[in-house]
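Asker: If you read the protein sequences in the order shown, they are chains U and Z. Whatever position you read off the first sequence (first residue = 1), add 374 for the numbering used here. Whatever position you read off the second sequence (first residue = 1), add 374 for the numbering used here.
Treat the hints with care, as some may be off.
One copy or two, either will do: identical chains are not told apart, so a pair holds if it fits within one copy or between any two.
Quick list of in silico lysine to aspartate or glutamate cross-link-like pairs, DMTMM-like style, CA-CA up to 25 Å [to be verified]:
no., residue 1, residue 2
1, K449, E436
2, K470, E696
3, K565, D417
4, K629, E572
5, K565, D389
6, K528, E448
7, K565, E526
8, K473, D417
9, K629, E561
10, K528, E572
11, K449, E562
12, K528, D710
13, K629, E617
14, K565, D445
15, K528, D550
16, K449, E561
17, K528, E561
Keep in mind that the hints were calculated from the coordinates and are not lab data. Note that the structure is predicted; figures quoted are calculated from it, not measured.
2 protein chains.
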Amino acid sequence: MSVIPRIGIDAMGGDLGPSVVAAGTVLAFREMPGRFSVTLVGDEAEIRPALRRAGAAGMDIEVVHAAGQVDMGEKAAAAARRRGSTSIGVMTQLHKEGKVDAVFSAGNTGAVVATALLGLGRLESVSRPALAVFMPSPAGGTVVLDVGANAECKPSYLLQFAHMGAVYAQYLLGRDTPRVGLLSIGEEETKGNELVFEAGDLLRRAKHLNFIGNVEGRDVFNGSADVIVTDGFTGNVLLKTAESVAGLLVDVMRKEIKQDPLAVFGTLFMRGAMRRMRVTLDAEEHGAAPLLGVNGVCFIGHGSSGPRAFRSAIRTITSFVENRVNEHIREEIQSDHETAA
Amino acid sequence: MSVIPRIGIDAMGGDLGPSVVAAGTVLAFREMPGRFSVTLVGDEAEIRPALRRAGAAGMDIEVVHAAGQVDMGEKAAAAARRRGSTSIGVMTQLHKEGKVDAVFSAGNTGAVVATALLGLGRLESVSRPALAVFMPSPAGGTVVLDVGANAECKPSYLLQFAHMGAVYAQYLLGRDTPRVGLLSIGEEETKGNELVFEAGDLLRRAKHLNFIGNVEGRDVFNGSADVIVTDGFTGNVLLKTAESVAGLLVDVMRKEIKQDPLAVFGTLFMRGAMRRMRVTLDAEEHGAAPLLGVNGVCFIGHGSSGPRAFRSAIRTITSFVENRVNEHIREEIQSDHETAA
């Protein structure tokens with residue numbers, strides 16, 4: 375890129391509306407001035423005052439009006455059909471026309487995926503784009519894909535997920551020759567289901583991959599692999615399970631502490647430890663999941679994203695564009711095709 | 375049962391060996407004297423002194439010697455072939471011969487499942503036994519099955535899992551007309567994979583089930599369902615993910631607190647809250663997972679089971695036998711067959 379990347383952001387996406395999107399955008403400008411610019415898409419009448427309140431004066435932020443928005447509960451296919459008028463659809467169209475270099479939404483995941491697939495299409499040679507999530511852990515964290523774009527997968531898709539995930543881990547997480555694992559229910563090649571057996575054969579034969587074999591659900595959090603590939607059904611269950619266990623433990627702890635004045639007093643001494651724990655594990659610090667393999671740069675955030683999550687997303691997206699990750703994905707998958715041919 | 379159930383326990387199962395098995399057995403006798411008796415199977419030279427140390431004198435505990443044992447890393451098929459001499463195999467044989475009414479091992483899960491399937495066979499009308507796990511939560515907890523006995527499932531298996539899980543939730547957890555959910559990646563019937571679509575059709579048509587539709591990974595912990603059915607591949611990933619996230623959070627918290635003297639001081643005030651939290655969520659309190667659908671009573675425990683986990687397992691198994699859960703499973707599945715025919 376000769377110029378700085380312009381990032382299109384769905385201002386209506388996320389549970390907290392344009393004021394949080396604006397606040398996160400301003401945080402990012404303060405952290406990385408001159409590295410990127412932003413186009414906010416959505417209801418102009420809401421966005422303009424939100425930007426003023428957030429202190430965005432003088433920052434390179436454009437606003438493009440879109441009258442409609444997608445509800446969190448709306449079905450992906452229905453939302454994609456309305457894409458001419460929704461903030462997600464208008465944002466995606468801006469990307470297609472080259473007016474922005476990347477898009478980000480913390481809205482309805484299914485709608486963003488469906489709209490991006492229809493509006494942007496796939497990268498050359500990619501069979502199925504996949505949603506990749508960075509799962510933080512003290513061991514350094516792991517990229518897991520697919521976590522929901524493809525409920526039904528062929529073995530060859532998983533091979534492509536492996537290539538895309540490895541490129542992502544290399545260029546965005548700085549992992550040299552990333553270790554790629556195949557999610558199964560035991561480390562032995564003889565354990566798993568048909569998809570795992572066949573995908574394992576392909577992965578073992580792939581020349582450009584550092585394939586370490588089968589891994590288990592627990593390996594997502596112990597640093598055994600940099601990238602873990604799975605079908606979008608299993609990956610989605612894994613992601614939602616991990617999120618809900620973490621949420622549950624925090625809730626139970628809060629509740630028990632609240633009911634116990636002695637424990638409340640104890641927490642006064644633990645704030646530093648809790649803050650450091652949050653920095654290691656907090657999804658807000660990692661923020662955004664790329665839809666890898668789409669012909670463009672499309673990131674999706676959690677509905678509950680706060681300003682810090684938007685800031686992290688902008689940081690990651692800027693780095694994704696700067697590092698030309700899509701070009702590397704295209705090269706990687708094509709070189710695999712040539713090796714196989 | 376006219377007499378109290380006799381429970382066969384693999385004394386060599388679990389990471390901590392016979393001394394923990396003996397201690398847990400003694401705990402159970404103290405809690406529920408006269409409700410059950412025990413046969414410990416394994417290396418007699420280790421078991422006898424362990425029982426003495428645990429204070430088992432006068433309790434109705436038999437010891438049956440088995441020279442071999444299955445390692446935690448051993449493959450299930452290999453372990454099953456050696457079943458003539460292993461503690462798991464000898465214990466299962468005792469059950470087949472009617473010398474014990476149930477078996478329990480905290481050893482190699484795959485080996486216990488394979489040995490039980492070979493040694494005991496299936497309950498009449500059951501296509502595939504399934505491993506059912508109780509996942510505790512403040513919302514009351516949920517039974518999830520299959521968590522690993524069947525990596526590849528047909529839709530009809532999931533219908534049987536639903537019946538077996540519902541009977542278990544009714545007789546052992548006291549849930550009237552248990553709510554059964556089908557694990558998917560969204561609540562809509564249109565989301566999921568082929569297995570989910572076809573199993574959903576069967577579940578919706580089943581007359582004897584309180585089927586509440588599709589549920590997600592997060593619903594395991596929010597009390598939306600009493601029973602959640604899935605294939606053994608997805609269920610195993612879910613189980614291992616949940617275990618490892620919980621373990622990870624506790625580890626990170628411990629580590630951060632340890633490095634911070636102020637936080638260590640703070641924990642002095644939080645012991646009560648932490649203890650109450652543990653009672654709600656601790657797997658040790660729930661202890662054992664039944665292999666439902668096998669022609670016998672076979673429970674499996676976590677390798678890290680401590681004495682309390684063995685005590686809980688004995689309590690659950692006694693209740694399983696007393697409530698004649700297998701008879702209810704047989705009736706339930708046969709009545710479903712008759713309705714379908």
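Asker: Which numbered hints does this structure break?
Answerer: Of the numbered hints given earlier, those the structure breaks are 1, 3, 4, 6, 9 and 15, listed in rising order.
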